[in-house]
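S.K.: Sequence:
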Amino acid sequence: MTRFAKMLFLPLLLSSIGCSSDPGPVATDEPSVAASGIVTFKGQPLSGYQVVLMPEGDRRPAMGVTDAEGKFVLGTNAPGDGAPPGKSKVAIVWAGPETTVDAVDQSAIDDPSKMPKPSVVIPEKLSNPETSGLTAEVPEAGTSELKFELQ
Numbered sequence: 172m173t174r175f176a177k178m179l180f181l182p183l184l185l186s187s188i189g190c191s192s193d194p195g196p197v198a199t200d201e202p203s204v205a206a207s208g209i210v211t212f213k214g215q216p217l218s219g220y221q222v223v224l225m226p227e228g229d230r231r232p233a234m235g236v237t238d239a240e241g242k243f244v245l246g247t248n249a250p251g252d253g254a255p256p257g258k259s260k261v262a263i264v265w266a267g268p269e270t271t272v273d274a275v276d277q278s279a280i281d282d283p284s285k286m287p288k289p290s291v292v293i294p295e296k297l298s299n300p301e302t303s304g305l306t307a308e309v310p311e312a313g314t315s316e317l318k319f320e321l322q
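If you're matching positions, the sequence shown starts at 172 in this note's numbering and goes up one per residue.
Don't read these hints as lab results, they were simulated from the structure.
Careful, some of the hints might be misleading.
What the hints assert, rightly or not - Think about it this way: if two alpha-carbon atoms lie no more than 27 angstroms apart in a straight line, the pair counts; the simulated DSSO-like pairs of lysine-lysine are:
1) Lys-242 x Lys-296
2) Lys-213 x Lys-260
3) Lys-213 x Lys-242
4) Lys-296 x Lys-258
5) Lys-296 x Lys-318
6) Lys-213 x Lys-296
7) Lys-318 x Lys-285
8) Lys-213 x Lys-318
9) Lys-213 x Lys-258
10) Lys-260 x Lys-288
11) Lys-258 x Lys-242
12) Lys-296 x Lys-260
13) Lys-258 x Lys-318
14) Lys-260 x Lys-242
Claimed, not checked - The calculated label-pair distances, taken between Cβ atoms and stated as ranges, are:
15) Asp-238 x Val-292: 26 to 32 angstroms
16) Thr-211 x Lys-288: 15 to 21 angstroms
17) Lys-285 x Gly-313: 25 to 31 angstroms
18) Pro-289 x Asn-248: 25 to 31 angstroms
Only a predicted model underlies this, so the values are computations on that prediction, with no experimental measurement involved.
Quick reminder that beta carbons are idealized off the backbone N, C-alpha and C, glycines included.
Can you build the whole structure from these sequences, using the hints too?
M.R.: Right under this line is the structure:
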């Protein structure tokens, strides 16, 4: 399963995290600007985690997965195409190792509890943009300076 395919599961996860009302229509071609950054946990790069920016209003989230150096590139309409400018709440969720569809055990797709476990476990509250306490401001000109230093 590619990391982008895993990102498709995130809306299901986020919709099950206490959303009690219909957010209304969401734009399907959200304007975005280049946005990337790095995530560390206790000073070390955090690998295999999905960074999700949930913008204010009825705008699409931006997502990207951290590499071995903790670096990520956000995408809104397609992988790596950027994030909506403005303020966003942030969630950081385990995405799993990068694999191909052929290498994934079909039972892990049917039962997420069988997915590989992270080598570094971060606090559960970070997986929900409403409880993480993390925010990001993406400037109109874009940025490569987003930085999340988790403890």
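S.K.: Give a verdict on every hint.
M.R.: Checked hints:
For the hint pairing Lys-242 with Lys-296, the CA-to-CA distance comes to about 21 angstroms; that is within 27 angstroms, so the pair holds. Of the pairs offered as hints, the one joining Lys-213 and Lys-260 holds, with about 21 angstroms between alpha carbons and a cut-off of 27 angstroms not exceeded. Between Lys-213 and Lys-242, the direct Cα distance comes to roughly 15 angstroms. Compliance with the 27 angstroms bound is thereby established for this hinted pair. Distance hint between Lys-296 and Lys-258 is fulfilled; the C-alpha atoms sit about 20 angstroms from each other, no more than 27 angstroms.
About 18 angstroms separates the Cα atoms of Lys-296 and Lys-318, which keeps this hinted pair within 27 angstroms; it holds. Restraint check for Lys-213 and Lys-296: satisfied, since their Cα atoms lie roughly 16 angstroms apart, inside the 27 angstroms limit. As the CA atoms of Lys-318 and Lys-285 are separated by approximately 31 angstroms, the hinted pair breaks the 27 angstroms bound. Between Lys-213 and Lys-318 the CA atoms are separated by roughly 13 angstroms; this keeps the pair inside 27 angstroms, and the hint holds.
A hinted pair counts as satisfied when its Cα atoms are at most 27 angstroms apart, and Lys-213 with Lys-258 qualifies at roughly 25 angstroms. Proximity of Lys-260 to Lys-288 is assessed by CA-CA distance (about 25 angstroms); at most 27 angstroms being required, the pair is judged to hold. With a C-alpha separation of about 20 angstroms, the suggested pairing of Lys-258 with Lys-242 holds against the 27 angstroms cut-off. Taking the CA atoms of Lys-296 and Lys-260, the gap is near 13 angstroms; set against the 27 angstroms cutoff, the hint holds.
Proximity of Lys-258 to Lys-318 is assessed by CA-CA distance (about 14 angstroms); at most 27 angstroms being required, the pair is judged to hold. The suggested pairing of Lys-260 with Lys-242 holds, with an alpha-carbon distance near 19 angstroms, which does not exceed 27 angstroms. Our hint of 26 to 32 angstroms for Asp-238 and Val-292 is violated, since their Cβ atoms are close to 19 angstroms apart. Range check, Thr-211 to Lys-288: Cβ separation about 20 angstroms, and the 15 to 21 angstroms hint holds.
A hinted range of 25 to 31 angstroms is violated for the C-beta pair Lys-285 and Gly-313, which are about 38 angstroms apart. At about 28 angstroms, the beta-carbon gap between Pro-289 and Asn-248 stays in the expected band of 25 to 31 angstroms.
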